[in-house]
Structure formats: C-alpha cells, structure tokens
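Use these hints to put chain B onto chain A, whose structure you have.
If you read the protein sequences in the order shown, they are chains A and B.
For the first sequence, the working numbering gives the first residue as -19, with consecutive numbering after it.
For the second sequence, the working numbering gives the first residue as -19, with consecutive numbering after it.
Think of the hints as simulated: they come from the structure by calculation, not from any bench.
Quick caveat, the model's predicted, so the values are computed rather than measured.
Glycine included, each C-beta is placed from N, C-alpha and C at the ideal position.
Mixed in with the good hints, there may be bad ones.
Straight-line alpha carbon distances no greater than 25 Å define the calculated DMTMM-like cross-link-like pairs of lysine to aspartate or glutamate that follow [unchecked claim]:
#1 25/B with 288/A
#2 234/A with 291/B
#3 40/B with 29/B
#4 25/A with 29/B
#5 325/A with 1/A
#6 89/B with 196/A
#7 25/A with 5/A
In silico negatives: residues of chain A with every beta carbon more than 12 Å from chain B [as the list claims (entries may be wrong)]:
#8 24
#9 112
#10 119
#11 147
#12 193
#13 265
#14 291
There are 2 protein chains.
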Amino acid sequence: MSNRAHNFNAGPAVLPLPVLEELRDNTVVLGTSGMSILEISHRSKQFEEIIQSAEARLRKLLSVPADYGVIFLQGGASLQFSMIPMNLMTVSKKADYIHTGHWAASAIKEAAKVGTVREVGSTKAENFARIPRENELTFDGDADYVHLTSNNTIEGTEWLCSEPPVGKVPLVCDASSDFLSRPVDVTKYGVIYAGAQKNAGPSGVTMIIIRKDLLERSPKNLPTMLNYNTHVQNASLYNTPPCGAIYVVELVCKWLENLGGLAGMEKLNIEKAQLLYDAIDGSNGYYKNPIPKDCRSRMNVVWRLASEELEAKFLKEASALKMVGLKGHRSVGGCRASIYNACPKESIQALVALMKDFQKANG
Amino acid sequence: MSNRAHNFNAGPAVLPLPVLEELRDNTVVLGTSGMSILEISHRSKQFEEIIQSAEARLRKLLSVPADYGVIFLQGGASLQFSMIPMNLMTVSKKADYIHTGHWAASAIKEAAKVGTVREVGSTKAENFARIPRENELTFDGDADYVHLTSNNTIEGTEWLCSEPPVGKVPLVCDASSDFLSRPVDVTKYGVIYAGAQKNAGPSGVTMIIIRKDLLERSPKNLPTMLNYNTHVQNASLYNTPPCGAIYVVELVCKWLENLGGLAGMEKLNIEKAQLLYDAIDGSNGYYKNPIPKDCRSRMNVVWRLASEELEAKFLKEASALKMVGLKGHRSVGGCRASIYNACPKESIQALVALMKDFQKANG
Chain A
-19 MSNRAHNFNA GPAVLPLPVL EELRDNTVVL GTSGMSILEI SHRSKQFEEI
31 IQSAEARLRK LLSVPADYGV IFLQGGASLQ FSMIPMNLMT VSKKADYIHT
81 GHWAASAIKE AAKVGTVREV GSTKAENFAR IPRENELTFD GDADYVHLTS
131 NNTIEGTEWL CSEPPVGKVP LVCDASSDFL SRPVDVTKYG VIYAGAQKNA
181 GPSGVTMIII RKDLLERSPK NLPTMLNYNT HVQNASLYNT PPCGAIYVVE
231 LVCKWLENLG GLAGMEKLNI EKAQLLYDAI DGSNGYYKNP IPKDCRSRMN
281 VVWRLASEEL EAKFLKEASA LKMVGLKGHR SVGGCRASIY NACPKESIQA
331 LVALMKDFQK ANG
Chain B
-19 MSNRAHNFNA GPAVLPLPVL EELRDNTVVL GTSGMSILEI SHRSKQFEEI
31 IQSAEARLRK LLSVPADYGV IFLQGGASLQ FSMIPMNLMT VSKKADYIHT
81 GHWAASAIKE AAKVGTVREV GSTKAENFAR IPRENELTFD GDADYVHLTS
131 NNTIEGTEWL CSEPPVGKVP LVCDASSDFL SRPVDVTKYG VIYAGAQKNA
181 GPSGVTMIII RKDLLERSPK NLPTMLNYNT HVQNASLYNT PPCGAIYVVE
231 LVCKWLENLG GLAGMEKLNI EKAQLLYDAI DGSNGYYKNP IPKDCRSRMN
281 VVWRLASEEL EAKFLKEASA LKMVGLKGHR SVGGCRASIY NACPKESIQA
331 LVALMKDFQK ANG
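Excised from the complex, chain A in its bound form (with noise of 0.2 Å):
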C-alpha cells in the first residue's frame, strides 16, 4: 500500500485496490482462457459471461426492474447530453431542465441544438451553491421528461431529497457522479445514465439503465449507433464494447456487494463524509463550504481558505504527503476533495490530519 497515493481525483478517480489487483492478475492471461482480458474476443462465452455477469451485478445491486433495459455505452455523460435528447425529445419535442450547475448547463446545451429546453429551478443566482427547493421547481406536464443532475461535482452540491414532484412526466437523471454510491428507487426513473470513472470503474464505459416504453420514441431514421434501441436489444453487443473497462466494472460491482451493496456503501460514504465536513466546520470559519448541509455533496467536498495564496500552500503540503486532486475545478478554484466509493477512510483522516495542522501552523 505504500506506495499508493491518497488519490482524490474527480475522474478517472481512485478505483479499489481488490479490483486494480484481480485485473492485474488477468492482464496477461485472464483466468484459463490462454488470453488477456483484453484479448478476448466479445462474442466469445468468456466475455459474455463477464457482461451478462457485469449487468446482473448492476441490476440486482439497484434492483432494477425488468422492465427496464440496462446497457453498457461508450462517449461517456457528454455523449449522453445528446443520446437522451434525440431519442427521448420527439413527442412534445419541449424538456425540462433543472440547472445545478456547470455539468447541467452542458447537458442544456446540447437539449437545445434538439428542441425547447425550459430551465427549471436554476440556482445560478446563488452560484449554484445549493439544490432547488421542491417550492421553486413548476414543470410543464407536456415536456417529454425532466431531466436533472444527481450531484454537481464541481459546486459540490448533491441530490440528497427526495426526487423532484415529476407527475408523470418521466425523469431523466445524469448520475455520473454518484452512481452507486447509495441505494435509489429505479421505478421514480425513467432513465439513469452515468459515465463510469467516479465509482463504477474506469473511463471509456457509460451505463443507461432506460424504462423500455422510452423505447418507443426514438426516430427510426437515427445513427443506429445513437439509438438506444441498438443497444438494449443486442444487449450491449451490437458492435465491439469497451471490454476492458466493462470487465472493470463487474469487479468493482463484486467489490460492493462484498461491502454489503449500496446501503452498506451509503453507510461507509455518509461516515467519510461526515469526517471531512466535521473538519471544515469545526475549523471555527478557517476553512469555508458554503453548502447548506441538507444537499452538501458526499462525492465531493468543496472548500475555500482566506486567500488564493493560502490555498496554493495548502495543495502544496498535501501534494507532499501524496495527496493528488485537491485542487478545485479551474471554474471556481479553491479546493475540493473527491471522495467516491473507493477512496478510503483512511485517505480522508490523513486530508483531515493535514487540515487541522495546517491551521495550527498557518491560523
């Protein structure tokens, strides 16, 4: 473990020391298959059964319904940005927004290029330092979803209340950064997408967990490689996957059910949070997060010191204690701690440590 780093990367970020030993292990040759991981064919039964095995995992640690598709894309959350609006913005051909920040602007931005986008319960005014209340959100019952995102890794907000009052209207979730990272009702769902190099595994894989009536709505004359359709029913296989990265994360899913699933992961997750938010809070104002606690994000933890100047000493001293990523998005600067699923308790003590002896020498 030694010479591990305390990684608190934002993304690709820190993967579990389990699953990064079994892919070691299987670079070269993957169990008896004569081949690596990497070298197996995808319509061979070795791969099919780490993909069938890989969306078993997934749907059985968020209970999935049957009545939803759940596939394995590439071009991560930005491509998404612009599958959902093509596929899914074709009956009233309006969407609804609900703009938390800069990863929700993006996602608008693209919706735009496709149809009429309203945005809803925009807390832009405030820099995106919260979450909307239910009171500030009207949607338009003829929109053809609503779409928001779960948590805003760089404003360091989270989704933490109970899912905005949609109707019938179907709700679209962005959830890259905090898939599986505590138990959420599918069914409140029409579709959850997530690009997988927060906590689900490496970059190069996206998951879409879609309600098959969605189905339907898709323009038959899209890209074939655009159209969830494709996707769902050559289960993932219509063209070559991302095989290793999707192998990744079927270890990683065998890894959280070994943690006791996504409650047991919630647990752990609200406990290192609360670590770090414990240490800002008691630092009588010396560091600063400007997040009410009712949607402080458990994913990522934002925070300010005094000065500019301050800061770049502070990243300094933890950059000597092996402490990579804490440098705040270069949107809004200051520091932010990524702290996903496989980051350890131990890697927050060691941040929390620093902290509270980098006041002491610089207070």
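Then chain B, alone, in the frame of chain A:
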C-alpha cells in the same frame, strides 16, 4: 508463454506480450504516480504525456503531415459510419461508397440516412471475393467524398493496389482492420479512421486522422461530441477519454517502433501471410481460398474445406491445441485466421502444421 493461447481472434485480438506485461506492471501503480493507469486524471501531467506521446508516435509511424489532425474517440468504426457523413456530406450532400463487403455495407447504410449515397465498384455479385479493379470505378466529381474499406475482415480481401483515382474528391478510408500493418501515404486521404482492437490496441478507442481543411464542413449545430472540430481543437480532451485504451495504443506504437516501424511490420506481415497462403495453395485444393492473389488480405485469411463437417472437425482439433478464433464469421462460415500485427509467427507455424497433419489424417 506456455499458458498463452494461439490467438486468431478477429478483434478484440492478440496484443504484443511486452505491451501486456508493461500494462500489467502499471495496473496497480503507474510509475511513481502512486496511482493506477486507470486512476490518473485525464487532466494530469502524467496522462497528457501519454496521450501526446501516443499522438506523436502515430504521426511518426504514419508520417502524418502537420495539416492533419490525429484524434482519439470512442464508439468504434460503427460510430464513424455516422460521424463521417454528418461532418463531411454537407456540401453537395452526395458521396461515393466503394462496396466491398459487410462493413462497407454498414457504412453505406448509415451514410444513406444523411445524404445521397452512390455505390461504386460493388463486387457483391461475386460474394465480395475480390477488390474492384480500377476500370470498374467511376467517380462523381461532385461527391463530397469517396469512401473505401481498406481491409475486409469477413471476406478476407485487402486493398493492396494503389489508391483509387478519386481526383480532387477527398478519399475517406475505414482502415480498422489493417491500420498500422503497413506504410500508408496519408496525403492521399482526406480521412483515415480505425477502431484500435485489431492492430493498434484494445477495444474502446478509435483513431481518426483528418485533413484539417475538411473540418470547415461540419455543421455548427451538430452535437458537440459528434463534431470532429471539438476533438481536434481540444486534442481529444474535450471530455474524459478512454485513458486505459489510449495508454495501450501508446505502448503498441512503441512496440512497432522497435520492430522497425511500419516498413518492418509490413515485412513481417507479408512473411506471416505467405506462410498461411502457401499452406492453402500447396494443399492440392484440400483447403480453398477464393481470393485473387493481388487482393488477398494479409490480416484475415479465409479458407474452406470440402464440407462443413470437416470444417467442424478441423476447428475442434485446433481448439484442442489452444488455437482460438479460427471459425469464420457466422455470415459466411468456413475458417478464418486473423493474423494481425501482434500474432506471432509461431502461432501461424503451429496452425500450418495442424493443417498439414489434418489433411494427412483426413485427406
């Protein structure tokens, strides 16, 4: 080596053993980073070095001129089948597609959703058992581009003669299955694209080489992720790329340099293919390959036996000798050996030995 199979998979395919070993050694901790290759940020200095080196090595191997962009995307050649016409079939909205088999047909199908496709030089009437001759090709000087598939994995043909006389119309090439297997004069092409999983790396990354003046054709309202400009302008870092797959491409390029670059690789590939074609041609018709010698693929060698029963028996014996992936594509049947760059000569020698033994025992 003894636990490694003879891997004749069509893709994902065999990778060079030294590449797999270097990948394995960096799977838990990459160099002195304290993180796995899968855990480093795509915005980190470490990853920037990797992706810049991958691009530089590709440029050097293929002598790519400065007025071409080289980018790494997701979605495979199948997504390029749509991105090519979405970005380039935007002037006359017409394109000529040379129809040489299964994958050319897929490219044609997607392009026809975007504009007017004219099939050129189709060898369909002959089951695509050859590449069209130059006198069978007439091009529309007003077409936005001419599209060809340089190697046909399923049919076992390869475009080994000089490029077709397209005049000033840009030539677009799906080089997925012979990319990096031999030197190519990039200046003769407008675009070359290739999924990595045959010769260049694992599945999950696709390389595109594009002449920069063609970037002006992309409509402004394209989805951001589907616009080549996005990725050229951002050096493939607009969103999180498939970091692990790009790392392996970088290692494969390094391995190719050590073999003497693409000229060295071509020499080896000619030798390897010759071994197998000689075995077929020297079998007195026991093994049959229908392709004329000047367009026999060096990458995918196909052959038939006298009956399907005999083929099944051959494949079973091959399997017992740890030879993997020799079954022909389900659409055509028979046998096929994919002998890409990383397929060792020893594997082909073992296959040839089996072919001789089998003929003796079942002749």
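Going down the list of hints, with the structure as the test:
no. : hint             : verdict
1   : 25/B with 288/A  : holds, 22 Å
2   : 234/A with 291/B : violated, 40 Å
3   : 40/B with 29/B   : holds, 16 Å
4   : 25/A with 29/B   : violated, 37 Å
5   : 325/A with 1/A   : holds, 19 Å
6   : 89/B with 196/A  : holds, 21 Å
7   : 25/A with 5/A    : holds, 20 Å
8   : 24               : violated, 8 Å
9   : 112              : holds, 26 Å
10  : 119              : holds, 25 Å
11  : 147              : holds, 29 Å
12  : 193              : holds, 25 Å
13  : 265              : holds, 30 Å
14  : 291              : holds, 18 Å
Hints 2, 4, 8 from the list above are not met by this structure, while the remaining hints are.
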